[in-house]
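**Q** Quick note on the numbering used here: the sequence shown kicks off at -18 and runs consecutively.
Be aware that one or more of the hints could be misleading.
To be verified - Calculated pairs, DSBU-like style, for lysine-lysine (alpha carbon to alpha carbon, straight line, at most 35 Å):
| id | residue 1 | residue 2 |
| --- | --- | --- |
| 1 | 593 | 608 |
| 2 | 59 | 302 |
| 3 | 255 | 593 |
| 4 | 396 | 250 |
| 5 | 597 | 451 |
| 6 | 294 | 425 |
| 7 | 99 | 302 |
| 8 | 217 | 425 |
| 9 | 250 | 225 |
| 10 | 597 | 478 |
| 11 | 607 | 255 |
| 12 | 302 | 346 |
| 13 | 99 | 59 |
| 14 | 555 | 615 |
| 15 | 593 | 540 |
| 16 | 548 | 141 |
| 17 | 413 | 198 |
| 18 | 451 | 396 |
| 19 | 608 | 144 |
| 20 | 540 | 482 |
| 21 | 141 | -1 |
Said to hold, decoys possible - Have a look at the derived ranges for each label pair, beta carbon to beta carbon:
| id | residue 1 | residue 2 | range |
| --- | --- | --- | --- |
| 22 | 230 | 167 | 41 to 47 Å |
| 23 | 620 | 343 | 58 to 64 Å |
| 24 | 39 | 172 | 40 to 46 Å |
In case anyone wonders, no lab produced these hints; they're calculated from the structure. On a predicted model such as this, the values are computed, not experimentally measured, just so you know. Don't be surprised by glycine CBs; every beta carbon is placed ideally from N, CA and C.
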Amino acid sequence: MPSTQKNLVIVESPSKAKTIEKYLGRNYHVVASLGHVRDLPKSQMGVDIEHDYEPKYISIRGKGPVIKDLKKEAKKAKRVYLAADPDREGEAIAWHVSHLLGLEDDGKNRVVFNEITKDKVKQAFKTPRSIDMNLVDAQQARRVLDRLVGYSISPILWAKVKKGLSAGRVQSIALKLVIEKENEIKSFVPQEYWTIESVFKHGKDKFKANFYGLDGKKAELKNNDQVQEVLGRVNKKNDFEIDKVTKKERKRFPAAPFTTSSLQQEANKRLNFKTRKTMMIAQQLYEGINLGRKEGTVGLITYMRTDSKRISKVAEAEASKFIHEEYGEPFAAVKERKDKNQEGAQDAHEAIRPSSTMRTPKSLKDVLSRDQYRLYDLIWSRFVASQMTPAVFDTMTVDLSQNGVMFRANGSKMKFEGYRKVYQSTSENSKKDNILPEISEGDKAKLQSNDPAQHFTQPPARFTEASLVKALEENGVGRPSTYAPTIDTIQRRYYVKLNGKSFEPTELGEIVDNLIQSYFPDIVNIDFTANLEDELDNIEEGKENWVKVVDRYYKPFAKELESAEDKIEKVQIKDEPAGMDCDICGAPMVIKMGRYGKFYACSRFPDCRNTKPIVKEIGVICPKCKKGQVIERKSKKNRIFYGCSRYPDCDFVSWDKPVGRDCPKDGHYLVEKKVKGGRQILCPNGDYEEDIQK
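Take these sequences, add in the hints, and give me the full structure.
**A** If you want it as structure tokens, here you go:
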């Protein structure tokens, strides 16, 4: 009967569906499409190049039962609403669902909200709109271009290098950046330089100062001869003259609230989260967490795919109220923040912030998992700090000299905590106050000691996940939603590998990069790719036609493709001799390159399929069975641990590296362990330790 009909709301995920249904009440039924329901076919290009790049969408394999249920629910519904995420991808999902259900193109059935709270959701359902085809076209343009590039280059890589390889627009740039960094490191020539840190005495007070310059000019010390020349000009018996004392008040302003990129970077540095993990947990916080009987399921943060730093007036007012009550008026910012967005940033959403400042991390600790709590605490703290007053420091610089040799001492003392009461980013200097004695121009100071030190300039650091995301963002390559899958892809393809926290290119990655650089230069041209991102933004804003944008990009690429197919020669990845024989057939073993790195294989493959992993022995006999060698292994999460080479016959494992000696106190094997300030050799039972030098 009509009176029992309900409104149907379709979202992407079951957890989001559960949260929204509680807010909308019994007249609404909320179901999940479980992401996309239609896409380009996997078995073919799926793009009609001759007819305006028309995409040939098909229902995604395995989604038949979901689509059937959606159609069944839509048929009996009073009205259908599409409430996918508020971005290009969400708009495309809504459009595909609308097509499958046969909904009217101009029907006002699209509902969007940036935070999943009762008020925001109910408010959004009061003003549904039509599907925004500009957003859909921007997503289509990206999808079609990525398909044209990927499905054109990948078969060439399969034929010329090895099966299973792929290439894409953004992943090729990411790989190029990692390799360019590696080449910088390889070609780096260290430069020698010296410093002189000296201790001075003024009255009863001692303070440190560093060599600054000679005869009124700043100078660098490049070798020990120059150091000795400087020290030779200093007479320890004579006083140094205090030439200049500068006192200033310095303000340090809080960082802006998080964007997707800055959240991924900070979570990687501070929490050691991979970009994919950060986005997964942020999605959980956005879609809703059950806070118990009193509040039910609530979305704790605003939408987490954004490059805007904007904050709503309502959120600012609530944060100001909280700061006044919790920390006092001096900590609450008086002026509205004006954070400048990155060039080309879309301002459709706010920055990432808590849906309510009043939900402090401490109040939610019992209902969140450990990782959810840590990420929420990071987002909440950063947002609250962004609405607080600057930290204030008293700084002091003292210049002193003797016989033309100049030293400088820098001191600072925190005068007012400001936002640092709540949050301090990883980029900030967290050193303690360095307080200099009260000193005036014209005073004297006596040199107590000199400490010359030799240094060498260091090569640039390899990319971590955080710094690679930053580089992609700074170069305008990709958008918030693309960073995590891009970094994941180049690792899964074994184009790069993680060594600790740093990315290193693999031999396979260098081969693929060399081919793409040589034959498809536009694909790895950062400016070309960044300009395309701007054009996709123009499509979203209705300023460009998506077919024309795809055509401008694809036509020069098609010429490169035609040329490449003829010119690229097959790349032989030569097997290396392993220096041992196969223990099954006796033929020589070789080292082969596989999808996940190198491994030992019989040279008679495929007649003999014997393979072995390449293991790294550490030169220590297994302390448990006394027969096998201790070898370095890696866990599923790429963490190094140590085990016996005779596994599974011997099950010895240790996270810490055994050193091949026993504890003199209880006979337990000793291990090398990383501790604060360095490494130590110690007994796992905790009753013996020694310095690593021993």
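**Q** Compare the structure with each hint and give your call.
**A** Each hint tested on the structure:
Between residue 593 and residue 608 the alpha-carbon distance is near 20 Å, which keeps this suggested pair within the 35 Å criterion. For the hint pairing residue 59 with residue 302, the CA-to-CA distance comes to about 42 Å; that exceeds 35 Å, so the pair is violated. Of the pairs offered as hints, the one joining residue 255 and residue 593 holds, with about 30 Å between alpha carbons and a cut-off of 35 Å not exceeded. Under the criterion of a C-alpha separation no larger than 35 Å, the hint pairing residue 396 with residue 250 is consistent with the structure, at around 28 Å.
Restraint check for residue 597 and residue 451: the C-alpha separation of about 34 Å stays at or below 35 Å, so the hint holds. Using a Cα cut-off of 35 Å, the hinted pair residue 294 and residue 425 is violated, with the two alpha carbons roughly 56 Å apart. With a C-alpha separation of about 21 Å, the suggested pairing of residue 99 with residue 302 holds against the 35 Å cut-off. Straight-line distance between C-alpha atoms of residue 217 and residue 425 comes to about 13 Å, which keeps the hinted pair within the 35 Å bound.
Using a Cα cut-off of 35 Å, the hinted pair residue 250 and residue 225 is violated, with the two alpha carbons roughly 39 Å apart. For the proposed pair residue 597 and residue 478, the alpha carbon gap of about 17 Å is at most 35 Å, so the pair holds. Taking the CA atoms of residue 607 and residue 255, the gap is near 38 Å; set against the 35 Å cutoff, the hint is violated. Only pairs whose Cα atoms come within 35 Å are accepted, and residue 302 paired with residue 346 is accepted, the gap being roughly 22 Å.
This hinted pair checks out: residue 99 and residue 59 have alpha carbons roughly 22 Å apart, not beyond 35 Å. Straight-line distance between C-alpha atoms of residue 555 and residue 615 comes to about 26 Å, which keeps the hinted pair within the 35 Å bound. Restraint check for residue 593 and residue 540: not satisfied, since their Cα atoms lie roughly 44 Å apart, outside the 35 Å limit. Pair hint residue 548 plus residue 141 holds up; C-alpha atoms about 11 Å apart against a cutoff of 35 Å.
For the hint linking residue 413 to residue 198, the alpha-carbon distance of about 30 Å falls within 35 Å, and the restraint holds. Note on residue 451 and residue 396: the hinted pairing holds, with a Cα-Cα distance of about 32 Å set against a maximum of 35 Å. Under the criterion of a C-alpha separation no larger than 35 Å, the hint pairing residue 608 with residue 144 is inconsistent with the structure, at around 40 Å. The suggested pairing of residue 540 with residue 482 is violated, with an alpha-carbon distance near 39 Å, which exceeds 35 Å.
Restraint check for residue 141 and residue -1: not satisfied, since their Cα atoms lie roughly 49 Å apart, outside the 35 Å limit. Taking the beta carbon of each, residue 230 and residue 167 are about 46 Å apart, inside 41 to 47 Å as hinted. A beta carbon spacing of about 30 Å between residue 620 and residue 343 contradicts the range 58 to 64 Å that was offered as a hint. The hinted window of 40 to 46 Å between residue 39 and residue 172 is violated, with their beta carbons roughly 59 Å apart.
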